[in-house]
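Using the sequences and the accompanying hints, generate a full structural model.
As a plain string of letters, each chain reads:
Protein chains: 2
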Amino acid sequence: MKPLRFALAQMNPTVGDYSANTRKIISWIAAAEKKKADIIIFPELALTGYPMWDLANKKRFIEESLRHLARIVESTRGKKIAVVLGFVDKSAKSERSRNSLAWIERGKIRFKYVKRLLPTYDVFLEDIFFEPGQETVVIPWKGRRVGVTICEDIWDKRYKEKPLAELRRKKADMVLNISASPYYRGVAEVRDRLIKRHAIHYNFPICYVNQIGGQDDLIFDGRSLFVDQHGRVLFRAPAFAENLFYFDWKPSLKSPYEVAMPAAAGSPREVYEALVLGVRDYCLKNGFKKVVLGLSGGIDSALVAALAVDALGPKAVLGVTMPSHFSSRGSWEDSEELARRLKIECRVHPIKRKFEFMVKAYRGHKKKEGKSVPEPGQVTLAMENLQARLRGLELMYLSNDECRLLLTTGNKSELATGYCTLYGDMAGGLAVIGDVYKTDVYRLAWYRNSQGEVIPESILTKAPSAELRPNQKDEDSLPPYEVLDEILYFYIEKNLSREDIVKKMKGRASAALIQTVIHKVDHNEYKRRQTPPILRVTEKAWFGRRMPITNRFES
Amino acid sequence: MKPLRFALAQMNPTVGDYSANTRKIISWIAAAEKKKADIIIFPELALTGYPMWDLANKKRFIEESLRHLARIVESTRGKKIAVVLGFVDKSAKSERSRNSLAWIERGKIRFKYVKRLLPTYDVFLEDIFFEPGQETVVIPWKGRRVGVTICEDIWDKRYKEKPLAELRRKKADMVLNISASPYYRGVAEVRDRLIKRHAIHYNFPICYVNQIGGQDDLIFDGRSLFVDQHGRVLFRAPAFAENLFYFDWKPSLKSPYEVAMPAAAGSPREVYEALVLGVRDYCLKNGFKKVVLGLSGGIDSALVAALAVDALGPKAVLGVTMPSHFSSRGSWEDSEELARRLKIECRVHPIKRKFEFMVKAYRGHKKKEGKSVPEPGQVTLAMENLQARLRGLELMYLSNDECRLLLTTGNKSELATGYCTLYGDMAGGLAVIGDVYKTDVYRLAWYRNSQGEVIPESILTKAPSAELRPNQKDEDSLPPYEVLDEILYFYIEKNLSREDIVKKMKGRASAALIQTVIHKVDHNEYKRRQTPPILRVTEKAWFGRRMPITNRFES
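First to last, the protein sequences are chains E and H. Those letters in the first sequence? Residues 660 to 1214, per the numbering used here, in order. Those letters in the second sequence? Residues 660 to 1214, per the numbering used here, in order.
Honestly, I wouldn't trust all of these hints.
Which copy is meant is left open, so a pair is good if it fits within one copy or across any two.
Dumping the calculated DSSO-like pairs for lysine-lysine here, alpha-carbon to alpha-carbon at most 27 angstroms [unchecked claim]:
id	residue 1	residue 2
1	K1026	K948
2	K1030	K1019
3	K749	K1163
4	K771	K738
5	K855	K821
6	K1199	K1186
7	K816	K718
8	K739	K752
9	K1132	K1002
10	K1002	K1027
11	K1011	K1027
12	K1163	K718
13	K821	K749
14	K1179	K1153
15	K1153	K819
Worth flagging that the hints you see were computed from the coordinates, not collected in a lab. Note that the structure is a prediction, hence the values are computed from the model and not measured.
Right, here's the structure in full:
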């Protein structure tokens, strides 16, 4: 067998940006042809971007997909390279469209294939938008028999149909998979295992090409692969990097090597890099060059500031510290030190007088109406929330005034338990670490500091506090975060029952505490309904979790 | 054939409230037995409430369903009545559960049936949570052969499988359908046509029992039916009413009559009643006895105030009018007049001085930082939003302080075009008329006034204005609402392309205007991601529409 040169187009498309996506596709085809690649493989729905949800059922969206596909096909005229590309096709049968693949050669579409297994669970809803394909396709090419698949087609465990088994029966001796498989911590190992197992079981090599980039809540990590029929990884593209990668496969060579999984897989570094990509793409794809965020002196906002700087550069980031009556002096100084180290602009806008003015005005109204008012000095829940909301108000003012996207800094532990204020610290356009547990926030901060110490020691070591009343500490209202996060992990990510969590915690938390935490999670659904997109980094993120607000069940 | 007495249990369950739902089910069974009903039929998932989303896959949720089912079964011991009840069953095969029906007689479950067609589109996502059934069931009972179906099983157009055809082949001579079919304007006619057509086509009577009540965004309208094999409606339960209805069917009688569809079907009255139910159930099921809302002097807040009064009574409703520099004198007086007529408490909390204080503070910060500030008297976008947000801030303060649910008053036309402020007028726990177009807001207001004039004439006739800058009118930024709403209807509800809308509008709107409106809808998705639940009254509500925020496609 002759060696084959694969061009793996690990591309970052933008949903609906047909012109830019097409331009990139055409130029990458030309580049790969010049480098004498035999085939260039683009990810699932590379032409349209993914996920596009309801856009997939718009007549014009489908028409534009086909129009741009035709331009790409035209561009291959006179070229030798084969092109494999994901696009949206129309359906003759229904209003749904087809998640499709085109094999293009010398100015012609040699064949089209329609995705057969449509994931409909968690963050996927493809059954709603797409009509499934009915047939597998094997094509003779360069002396081989190549089978094609799209993403879920190889994640076949929950389906009766097994496209890979059908390809084997049709005597495929090599399989391509084009994917748009989103990131979560741990996905790399799961994917590796799956693809290796399939390659060995069916005895054919699998070339896997995955999308990279951020799309709203989802981050795609790339990490395209070439796995031989012995389950050995011969090529690995890096995570979170957009590039056209080349791999020369010499089928006759008894592969003497395997490319190991990078040590960073599943590490804080990986999660950090995912979030950087998520922030960058959300901002740039939505036309925001600058961001603003509140700096509380705590670890959450410090981490988000560092992520924003790494995503957009220090000039793009504005930090605002808004001390109140209950802010420690340290909070403010620590924020300024953080800003100095990150080289970002930091403004100090105290809310003390604003808070006093508002409380006085609200008291005034109540008194005039003959209603009872709280004792002077008493801090009610409404007043706690008012402080958070005055900060949200000011940040949104700056956001509107300076065209800066407001980054939300709350973490997953807070969002889970409702330890956050609607329209206050929950305000913003993107919740950067809303899927990161508090204990992981520390891990990410430590990792970032290991690359250059930007987060002051004092921020890393102080006890977490909302600072909305005198001497308030998070642990007055919540269990220690190591305990809380473990309970949350079992409840949210593992969907375990109260009883099973009691067993798993082996006495580290009482049954009553576990019950209280579960209650908090269930009864704060109304807050989470109003969050901005939350970048997903865990297997069960908010985005893929669907719970009623009106719910009397005590889990 | 002997006459049969049907008890149609048009029930309003609460999601997850097993104790209350079970209590009601047991007491209704006892009542129907006493009235000598032959059979009592409860809606789909009456035991658990519907939709319960991810709760359906919690081990304890399923266990509790079975435990309470056993109690209900036990309660039928010694009774003659047959009971048909929807509940969640466990699955041996997967983590998903089963949307099931039990036929219970004399302390025993005679058989269970599993829903076969699982709707997964629009507001339905059943494939995610449930495992489909594989078999139809026909049971001999009182000399008849009764087939059972659950909701979507009879909405079979988009599926290859046709459960009703299978029941016909199995010689069923009567079919029951238990449903949890949510309301939208027009659904009654669609359901009537479907059930009549099936009854005639398959030549069997169909008894249809539907849930009523509000569950987050969804409102269930009931309107249970008995349709004979000639497609004649022999019995109709009213819309939006929870009750146990009896119908005596005399099969031998050549039905001389048909119960006509009430004149109100699809009318403003119907939509109004749906919204009243939606508000009442959202508040009461979530433990709120009191609400608060901002009264702007405009038609939207006036309508929401009237709806709240009809849902919860005047004592439960607090209106707050918060005039600014740009509020007309009329706005304030009209709100007070509205409150007088509705007999609700109205407070006047001007935001003028609060606004001045904040703007001065924000200017002060900017000046100190050496940044440029707007000319005195200039009203920037940030200042417009600030006014709306100061109102949101004050309403949320009252909400926290007095345990009142804040009702959001924005309409569908505003939400569609982004003519609304995040954390300002969009703040709240329930968006009451967020699925009602502005032109329909007037229709609902006129209907309400026809039942007793509560909304002052001046509110009905003034030109809509946000009153956030001098002499501002909605029509400065938006086309006239009759035109806008028609474009929105074609775009959102009918999913038509730009070109098709141009044709439909027949010159009533230019292509450029249509393009502008579509652009506004697409590019305000980020605002709609952060709304509270929006009561659904149209076929394509926000809740069933899934669009990416990051999206460069120009529809």
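Comparing the hints with the structure gives:
Proximity of K1026 to K948 under the C-alpha cut-off of 27 angstroms is restricted to the inter-copy arrangement: shortest distance 24 angstroms between copies versus 47 angstroms within a copy. For the homomeric pair K1030 and K1019, the shortest alpha-carbon distance inside one copy (14 angstroms) is at most 27 angstroms, but the shortest distance between copies (30 angstroms) is not. Only between protomers do K749 and K1163 lie at most 27 angstroms apart by alpha-carbon distance; the minimum there is 23 angstroms, versus 49 angstroms within a single protomer. Within a single copy, K771 and K738 get their C-alpha atoms as close as 19 angstroms, which meets the 27 angstroms cut-off; across copies the closest is 62 angstroms, which misses it.
In this assembly of identical chains, the alpha carbons of K855 and K821 lie at most 27 angstroms apart only when taken from the same copy (16 angstroms versus 41 angstroms across copies). Taking the closest pair of Cα atoms, K1199 and K1186 come within 27 angstroms of each other both inside a single copy (18 angstroms) and across two copies (24 angstroms). Only between protomers do K816 and K718 lie at most 27 angstroms apart by alpha-carbon distance; the minimum there is 22 angstroms, versus 33 angstroms within a single protomer. Taking the closest pair of Cα atoms, K739 and K752 never come within 27 angstroms of each other, the shortest separation being 35 angstroms inside a single copy and 49 angstroms across copies.
Taking the shortest alpha-carbon separations for K1132 and K1002, neither the intra-copy value of 30 angstroms nor the inter-copy value of 44 angstroms comes in at or below 27 angstroms. Within a single copy, K1002 and K1027 get their C-alpha atoms only as close as 49 angstroms, which misses the 27 angstroms cut-off; across copies the closest is 20 angstroms, which meets it. Both within a single protomer and between protomers do K1011 and K1027 lie at most 27 angstroms apart by alpha-carbon distance, with minima of 24 angstroms and 17 angstroms respectively. With identical chains, the CA atoms of K1163 and K718 are at most 27 angstroms apart between copies only, with a shortest distance of 16 angstroms across copies and 51 angstroms within one.
Taking the shortest alpha-carbon separations for K821 and K749, both the intra-copy value of 24 angstroms and the inter-copy value of 26 angstroms come in at or below 27 angstroms. When the C-alpha separation of K1179 and K1153 is checked against a cutoff of 27 angstroms, the pair qualifies only within one copy, where the shortest distance is 17 angstroms, while the shortest distance between copies is 40 angstroms. In this homomeric assembly, K1153 and K819 come within 27 angstroms of each other (Cα to Cα) only inside a single copy, at 25 angstroms, whereas the closest approach across copies is 35 angstroms.
Hints 8 and 9, counting from the list given before, are not met by this structure.
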